[in-house]
Amino acid sequence: MKFKPQNILVIHFGQIGDVILSLPALQIIREKFPKAKITALIGKSGADIVEISGFVDEKIIVDRVRLRDSGKIWSIKQVFKLLRNVRTQKFDFIIDLHSLYETNLLGFFSGAKHRLYASRGNRSLDFLANFQPKPPRINRLLHLTDYYLDVLKPLGVENPKRFVNISPQKKHLEEIEKLLSNKNIEKRKLVGLFPGAGHASRRWSLENFSLLSKLLLSNKNLQPIVFLGPEEEHLRQKIEETFSPEVLILDKLSLLQFAAALSFLDVLISNDTGAAHIGAVVGTKIVLVMDKRAPANYLPCTENLSVVNSGTLDEIGVEEVFEASRKILSN
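If you read the sequence shown in the numbering used here, its first letter stands for residue 1170, the second for the next number, and so on.
Bear in mind the hints are in silico, worked out from the structure with no lab data behind them.
Since this is a predicted model, take the numbers as computed values, not measurements.
There may be inaccurate statements among the hints.
[As the list claims (entries may be wrong)] Capping the alpha-carbon separation at 30 Å, the derived lysine-lysine pairs in DSS-like fashion look like this:
{"#": "1", "residue 1": "Lys1259", "residue 2": "Lys1322"}
{"#": "2", "residue 1": "Lys1241", "residue 2": "Lys1228"}
{"#": "3", "residue 1": "Lys1171", "residue 2": "Lys1213"}
{"#": "4", "residue 1": "Lys1339", "residue 2": "Lys1352"}
[Unchecked claim] Quick list of the computed label-pair ranges, beta carbon to beta carbon:
{"#": "5", "residue 1": "Glu1492", "residue 2": "Lys1246", "range": "25 to 33 Å"}
{"#": "6", "residue 1": "Lys1340", "residue 2": "Asn1299", "range": "41 to 49 Å"}
{"#": "7", "residue 1": "Gly1452", "residue 2": "Asp1226", "range": "20 to 28 Å"}
{"#": "8", "residue 1": "Gln1338", "residue 2": "Glu1402", "range": "23 to 31 Å"}
{"#": "9", "residue 1": "Gln1301", "residue 2": "Leu1474", "range": "36 to 44 Å"}
{"#": "10", "residue 1": "Ala1465", "residue 2": "Ile1230", "range": "29 to 37 Å"}
Cβ coordinates follow ideal geometry from the N, Cα and C atoms, glycine included.
Throw the hints in and build the complete structure from the sequences for me.
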C-alpha cells in the first residue's frame, strides 16, 4: 500500500479494559506506519496504559466523566477547545476505534484528509468516514480485540497478533520491589486478590475472598496480597477484620504502580473488572471469577487465563477458585 500518512490521530474514549483490548490494534498501526507521528485522543482512564505501551508518541487526554457531569456552558467550551487543539495539529489521518457520534464529528471537523471509522451501526456516523474500502460492520459475537483489528482491515492487515505484553516503567517496578522487600516474602509465590468491581453484580463476595485467602495461606509457599483501588477503600476496615494478618494489603497505588505490582504476581484472582485486563497485559496469569451472563467477548486477551463461572456468582465455590489457581500456578 502506497498510503503513507505522517501525522495520525487514533481516537479511543473507552474504559481501561476496552483500551487494553485495543492495544494489538495500536501496535499494528505503529508497525504499519513506523515513521509517522501517532497521537492518541484518549479517555482519562486509559491514558497511562497507552503511554507505557510505547505505541504512541503523544496523548490528548479527555475527561469524559467531567464533561458529562459539569455545566453545559463549561463543557461546550471544552469541546470547542479540544476541536481547536485537534485542528491546530493538522492530522492527515484519523482512525476512530471508538466511533460514537461525537468522535465521528470531531474527526470530520478535524481537517484530516483521510478518515477511517469503526462501523457501529446506529451508534456511529460512519458515513462521515472517507477511507476506502470501509471496515466490516461490527460483529457483536467477535472478541473485542478482534473487532478493533477488523477496523484496520482496509489497511491490508492480515493475520495480526492478538496478544500484547507491555512492561511497566522501571521507576514503578523499583518502587514496588522496595515495598515488597520489607515483607519477608521473597521465597513465596505471590497470589493477588482483587475483590472490587465497577458494579456490585460483578463482585464475588468479600467473605469468599477471605475464605480463599485462608486456603492459600495453608500452603506456606503462597503469599496472598489483596489490592484495593480508590473505589475499594471502603472495604479496607472489613478486610482487616476478616482476613488473616498474614495477608498483605496494597492500596493507594497509582495506576502505573498497580500495573507494576501485578507484574510481580504469579497469579491474579480477580472479579470481572479492569484489574484482570491490566494483569493480563503485563504478563500475569489470571483466574477470572464471573457469572455466565457476562459477555465472553470482553475476556482478557491472554493465553494464561482460567475462567471460573456459574449461573450466578453466589454459586461459585471457594474450593473451585482455589483449585483453578492451583492448576494455573502449576502450568
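List, from low to high, the hint numbers that the structure doesn't satisfy.
-> 3, 5
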